[in-house]
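Engineer: Sequence:
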Amino acid sequence: MTGSNPPHGGSDHQGQGNPPNETVHWWSTPATPEQPLTGTDPTVMGGRPGPVTGTDPTVLGAGFDAYHSAPQLPYAQQPPSQPSYPQQPPSQPSYPQQQFAPPYAQQPMYPQPGKKNNTPWIVGGVVGLVVVIGIVIGVIALTGGSDSGGGKTGVGGDKKVDGNYSMGNITDACSLIDPTVLRKWAPNPKSKPEHTERAPDPKFGGGSLSCRVGYDGAGKYGTNGSDIDLDADFQSKYGEPEFNSWKNYDTKTTGSGRTSGAIAGIGEQAYYATYQQDYSSFDTLDYTCAALDSNVSVKVKLSIQTDSTIDTTEVGNVCKDQLKKALAGLHK
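In UniProt numbering, the protein residues as written are 1 to 332.
Any given hint might turn out to be false.
Ranges between beta-carbon positions, derived for each pair [claimed, not checked]:
#1 Thr284 - Ala264: 21 to 31 Å
#2 Gly217 - Ser166: 35 to 45 Å
#3 Ser260 - Val132: 40 to 50 Å
Keeping only pairs whose Cα atoms sit at most 27 Å apart, straight-line, the calculated DSS-like set for lysine-lysine is [as the list claims (entries may be wrong)]:
#4 Lys184 - Lys320
#5 Lys301 - Lys332
#6 Lys301 - Lys320
#7 Lys203 - Lys220
#8 Lys320 - Lys332
#9 Lys237 - Lys324
#10 Lys192 - Lys301
#11 Lys190 - Lys252
#12 Lys301 - Lys184
#13 Lys237 - Lys332
#14 Lys320 - Lys203
#15 Lys190 - Lys220
#16 Lys184 - Lys332
#17 Lys252 - Lys203
#18 Lys237 - Lys184
It should be emphasised that the hints constitute simulated quantities derived from the structure, not laboratory data.
The C-beta atom is built at its ideal place from N, Cα and C for all residues, glycine as well.
Modelling step: build the complete structure from the supplied sequences, incorporating the hints.
Structural biologist: Structure below.
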């Protein structure tokens with residue numbers, strides 16, 4: 001802000017003898033009214049008539065010339081902001097890589113054995129087999145004999161199929177028994193009798209017969225019933241008589257209401273087995289009798305259900321009579 005207009009104060013400071021100083025600001029104060037401002041007053045800003053050599057802090061620009069006249073010194077290289085540390089050693093020591101030996105040492109090479117000549121062994125085996133076959137054939141020829149005489153055994157336990165009994169003339173197995181005996185416990189036939197006849201094999205023998213007949217009738221509290229079953233099995237060339245299987249099951253099954261025992265006077269051997277149960281309104285009885293004689297096994301079973309008391313002895317006698325009747329019908 002420079003100008004030629006002085007501040008308030010009149011014309012004492014300028015006139016015809018004192019022309020206005022263009023470099024003097026209105027706020028500058030000269031030493032005397034007649035003496036011009038030399039620029040050394042601290043209130044003079046930027047006065048350049050003379051050098052400013054003072055270092056008074058109230059003088060603006062003091063020391064400015066000295067600063068420009070002095071040569072600038074280069075700055076010394078600053079040290080690094082952080083000291084350089086030596087390289088840290090590895091966190092873990094470095095071990096040399098472990099060398100492993102092979103798991104197995106190389107096996108020594110053995111010379112390959114020479115090929116054996118198996119021809120003598122093969123020839124010897126064939127000769128031995130021929131000798132064994134010849135011995136077996138000779139034994140069969142010596143022991144085969146005649147097929148007469150039931151019950152004899154040959155090589156390997158072969159059974160003779162010819163005996164005292166045959167089914168050759170039987171076309172209806174139910175003709176071997178009398179089903180009407182069932183009327184003692186139930187008066188009416190339930191259905192037509194069922195029967196099966198299986199002829200023996202011409203070479204191995206065997207053969208079987210079976211019959212099923214049932215009766216029923218009204219009782220006091222319900223329906224009474226009675227059934228009869230007949231089974232006959234002929235001996236085959238191989239295997240055991242069926243009688244053995246029947247007896248093993250019927251006589252070795254134990255429990256409440258079961259009894260069993262031998263029967264004398266029927267065939268080579270015979271047995272019976274009973275199973276009786278008593279209920280509040282009716283009773284049941286299964287009575288089985290079987291016999292083995294020569295080349296046949298025969299079994300008869302009576303099953304009774306009635307609301308009356310069952311006479312076990314009476315049922316047993318009927319069973320044995322039907323067993324004898326069947327054996328008689330199959331006898332040659």
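Engineer: What are the numbers of the hints the structure violates, in ascending order?
Structural biologist: 7, 11, 14, 16, 17, 18
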